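Trainee: Place chain Z on chain G using the hints.
So the chains spell out like this:
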Amino acid sequence: MAYIQTYIAILALSLLVIPFLKVKWKGIITLSLVIFNAILTGYLALPALLGEKLEFVFQGSIVTGEIPVRIDALSAWFMLLINFTMITGALYGLHYMKAYRKQTSNLTLHCLAYLLVQTSLTAICVIQNSLVFLFAWEIMTISSFVLVIFEYYKQNTLKAGINFLIQSHAGVLFLTLGFIWVYYQTGSYDFSAISQFSVNFPPVTSLALFFFFFIGFAVKAGFVPFHTWLPYAHPAAPSHISGVMSGVIIKIGIFGILRMLQLIQTDYIVLGYIILVFSVISGIYGVMLAILQHNLKKLLAYHSIENIGIIGIGIGLGTLGLGQQNSTLILLGFSGALLHVLNHSLFKSLLFYSAGNVYQTTHTMNIEHFGGLVKQMPHTAILFLIAALAICGLPPFNGFVSEFLIYSGLFDGMESKEMLNLVVLLFSVFGMVLIGGLALLCFTKAFGSMFLGNPRHHFQTEPKESGNGKLVPMYMAAAFIVAIGLFPKFFFSLLSEPLKLYLNKINYTGSVSTTVSITETMQTIGFSAAGFIVLGLLIFFIRRKITAKMPSPVLTTWGCGYVGETEKMQYTASSFIRSYRKLAEPMLSIQKRKIEIDGVFPVYGRHETHPYDKIEEWFIDKPWNLMKVFFGKFRFLQNGNPQFYVLYGAAFIALIIAVPLINDIIKKIIYFLNQI
Amino acid sequence: MISLVLIVLTSLFFMGLVIRTKSIASGRKGPGLFQPMKDIIRLWKKGAVYSNTTSFIFQIAPSIYFSSILMAILVIPFGHYKGIISFDGDFVFFAYVLALGKFFSIIGALDTGSSFEGMGASREALYSMLAEPAFFILMGSFALYTGHTSFHEIFTSLHFGSYISYGLGALATFVLVMIAMIENSRMPVDDPKTHLELTMVHEVMILDNSGFDLGLILYGTNLKFAMYGALIANFFTGSFSILISILIFLGVQMMFATLVGILESFSARFRMGNNAQFIFTLTSISILIFFGVLLIMGKFV
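The listed protein sequences derive, respectively, from chains G and Z.
Residues in the first sequence are numbered from 2 upward in steps of one, following the numbering used here.
Residues in the second sequence are numbered from 525 upward in steps of one, following the numbering used here.
Chain G on its own, in the form it takes in the complex (with noise of 0.2 Å):
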């Protein structure tokens, strides 16, 4: 308890004191409060990851009623996940704000922001009040707006910005329409109201509900269709900012879904199928899209959704699991996305803070404009090419390893005798093969025609490494990535708390053997990985020891004969992509506009693709220009005279105050319809 209220208390104050530091003290209060920050929680949460859950209960006030905080182990992982990228992401923050250094006022709101969002995920996390909880999600959703529209005197900048507001209020609204429902029927706003809510009813009920929480969390989440805002807000923010929204703060939606999968009784077996489904779409709807686009981190935002279908998958076969009372599923399946969920967090903020750095040293974010920056920022690429193997779930790095227990699920799971059942695990291992091979596909065009070849574009000042206090975070990050791929059994064991959670709730007496076999599998993982980099290392000494005294020359590209220098004769990263775009077309949006090379001596060609979101077209902007349609023939109420105005205002005071008078009058009505 009074470590809660010395974090408040503490956060308040530095609300309080931040707005009147110095520019350069600001950052370093802001970080040393989001490390302080980092440890009370990670004090709290980790012996509750280990299994002593912590129980505090607030008073509250009459409104709001008791405020139970509860950490679990759930609650824990998330919150020493998400503590540890608000780390990395305030490390990578405070060097990267420096071109921002002279705008004062907004690095205040920012820091302010930022410490706002860090202490709201860490308290949806823990409350357990829906109020509060709406009150804390509420918080985080404005403060991460917030930061994104840091630039928000860039028109796109804040038309992402209110994009993500809107959408994400809409998902907000879904929430407490829920949230409601529970207190209608039941009269409490403890969680644990909600189950109660869902043993008291059928099935099919707690099913609606249950959709109405997944609404809510997927908009947070970015699951398809509810992900049209993530692609515009990635790359609107500063590179900071994107790392720690697409690592950690989207992932409060995932908190939010395991979170009600805990708490509500249903039937899991329907509801595993439609997340299975629901799920596989995104993953291979964001990876297609994410292979198209020419902006960065454009693409990594795409790489989020995908991602998310695979955490999706994940939590799909752990409800599947509970469904049809099969431990294994359940362990492989919520292991495996609770596993991912971290995973991701890791190699998508390295890979968004890697963006930062090249932005900041090139100003731009167009893919086609890169080329060999290798070799002026070597760092950077040696960190982006981990994060994007980890990213395709190659091994050795942490990727694979969630991948892998997914798939094992999948298989597993075949044992089934029902065939829908195996068709959906089919679908489910084809949508994983191929988001896999889509992912390699996009990252080998990202990685190489940024970083290898020759530079496409001739920048105003040669791009340079960006300087240590950049390159620390990222490097913690990518620690972390080769630690989980090289010590999977120990990261795997962190997981056996929050797995009871599920476990329980079928009565799982701890046969240990199938925990027994996943941990050991885990090991040879570890080892196998390990042993390859071995492998790798020994087989790169061997070359080196054998063409050590051997000559070799430095000479240009083979170009067929032709010898001159060849920048513009590389493959560009669209005509990387060209024969997959021609696969994809039929079942994307894409415009183009071409003006092809003729005559005897071309002067002119061009040839410009622009990406578009199919689903965006339908779910989005359809219905919304039916409602401007709509809305627009109530225009002439809008007719610039103040005179209407006050008339409006007038009229609408009226008719608050003639409501009740009304009222009374169709009573009287009806009593008098009664008395006839």
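Treat the hints as calculated values from the structure; they're not laboratory data.
Computed from a predicted structure; not experimentally measured.
Cβ coordinates follow ideal geometry from the N, Cα and C atoms, glycine included.
Check the hints yourself; a few may be wrong.
Examples of chain G residues lying across from chain Z (beta carbon under 8 Å, computed) [said to hold, decoys possible]:
1) N455
2) T525
3) S580
Listed next, the in silico BS3-like pairs over lysine-lysine satisfying Cα-Cα at most 25 Å (straight line) [claimed, not checked]:
4) K546(Z) - K550(G)
5) K595(G) - K583(G)
6) K569(Z) - K546(G)
7) K570(Z) - K550(G)
8) K550(G) - K717(Z)
9) K546(G) - K553(Z)
Some chain G residues close to chain Z (C-beta under 10 Å, calculated; not the full set) [to be verified]:
10) K376
11) H380
12) L406
13) L441
14) S450
15) S529
16) I540
17) Y581
18) F673
Mentor: Only chain Z this time, still in chain G's reference frame:
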């Protein structure tokens, strides 16, 4: 362990056998069985030319590509004998390790800044991506059939009972052969003997590699062939004693090599533009196998 030794042994003469078959088919005598291996050894003794565009990625890529293949071989069992690495779901590891090698060979090609190599890399990335689902669904079907998820257990508990299962075995062999051809960039998809860079896939990716690195990549291809051959052989070596198994193994490898040679002699390369569709149809064959397994297990309602 035994599978590693056998695969390495096979890799020494596999390509020679392919070339010999092709020579005989076109009415020539052809080089000795070990000529390709001798060429590779000669390359290992040579110096190399590096492009001034390349970075350290180009230097490490061939080594990582080669070690990824070695790593994948370690997973492959031999009859009753486990591979050196064996765990539940090891075929996922197998596929992903190979994908890692592919990743590096692609970025190694892009590192040269050459338009040709970009072209090859683009194709390779797309083709291998499209071939992947076929492999996973194939393995998934066998996992469903046998109830196990590691190579070793799948192969030891695989038994052919009915006519359908023989059909499935044949289909699976077909899919595996095709995947091997795609992964090694051989005939129906890519012609290794073509002289036009514009129509190459794998060959054009390694235009700038020379000396030791080129030797590694070429030997990697041999190993990869032997590896897929071993995978196919495992379908048939299930319950025999070790000596007979080894004989079957070598027999299957030789048949596989001859088959590759014959395929390359008597078939033409597909149109480049239609390759993608062709590769993707392999997935449908895998799905056919999946439903065949359902049929055998009586899960079809």
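Trainee: If a hint holds in the structure, say so; if it doesn't, say that too.
Mentor: Status of each hint after checking the structure:
Among the interface hints, the one on N455(G) holds; its C-beta lies about 4 Å from the nearest C-beta in chain Z, closer than the 8 Å criterion. Given the 8 Å rule on beta carbons, the hint for T525(G) holds: about 4 Å separates it from the nearest Cβ of chain Z. Of the supplied interface hints, the one on S580(G) holds, with its beta-carbon coming within about 5 Å of a beta-carbon of chain Z, less than 8 Å. Restraint check for K546(Z) and K550(G): the C-alpha separation of about 38 Å exceeds 25 Å, so the hint is violated.
For a cut-off of 25 Å, the pair hint linking K595(G) to K583(G) stands: about 15 Å separates their Cα positions. For the proposed pair K569(Z) and K546(G), the alpha carbon gap of about 12 Å is at most 25 Å, so the pair holds. A distance of roughly 10 Å separates the Cα atoms of K570(Z) and K550(G); the hinted pair therefore holds under the 25 Å criterion. Restraint check for K550(G) and K717(Z): not satisfied, since their Cα atoms lie roughly 32 Å apart, outside the 25 Å limit.
With a CA separation close to 39 Å, the supplied pair K546(G) and K553(Z) exceeds the 25 Å bound. Checking K376(G) against chain Z by beta carbon gives a least distance of about 6 Å; that is within 10 Å, so the hint holds. Interface restraint check: H380(G) against chain Z, minimum CB-CB distance 12 Å, threshold 10 Å, status violated. Below 10 Å, beta-carbon pairs count as interface contacts, and L406(G) has one with chain Z at about 9 Å; its hint therefore holds.
The beta carbon of L441(G) is positioned within 10 Å of a beta carbon in chain Z (closest approach about 6 Å), and the interface hint is therefore held. Given hint, S450(G) at the interface with chain Z, holds; its Cβ is 7 Å from that chain's nearest Cβ, closer than 10 Å. Interface restraint check for S529(G): the shortest CB-CB distance to chain Z comes to about 5 Å, inside 10 Å, so the restraint holds. At its closest, the beta carbon of I540(G) sits 5 Å from a beta carbon of chain Z; the interface hint therefore holds under the 10 Å criterion.
For the restraint placing Y581(G) at the interface with chain Z, the shortest Cβ-Cβ distance is roughly 6 Å, inside the 10 Å limit, so the hint holds. Given the 10 Å rule on beta carbons, the hint for F673(G) is violated: about 65 Å separates it from the nearest Cβ of chain Z.
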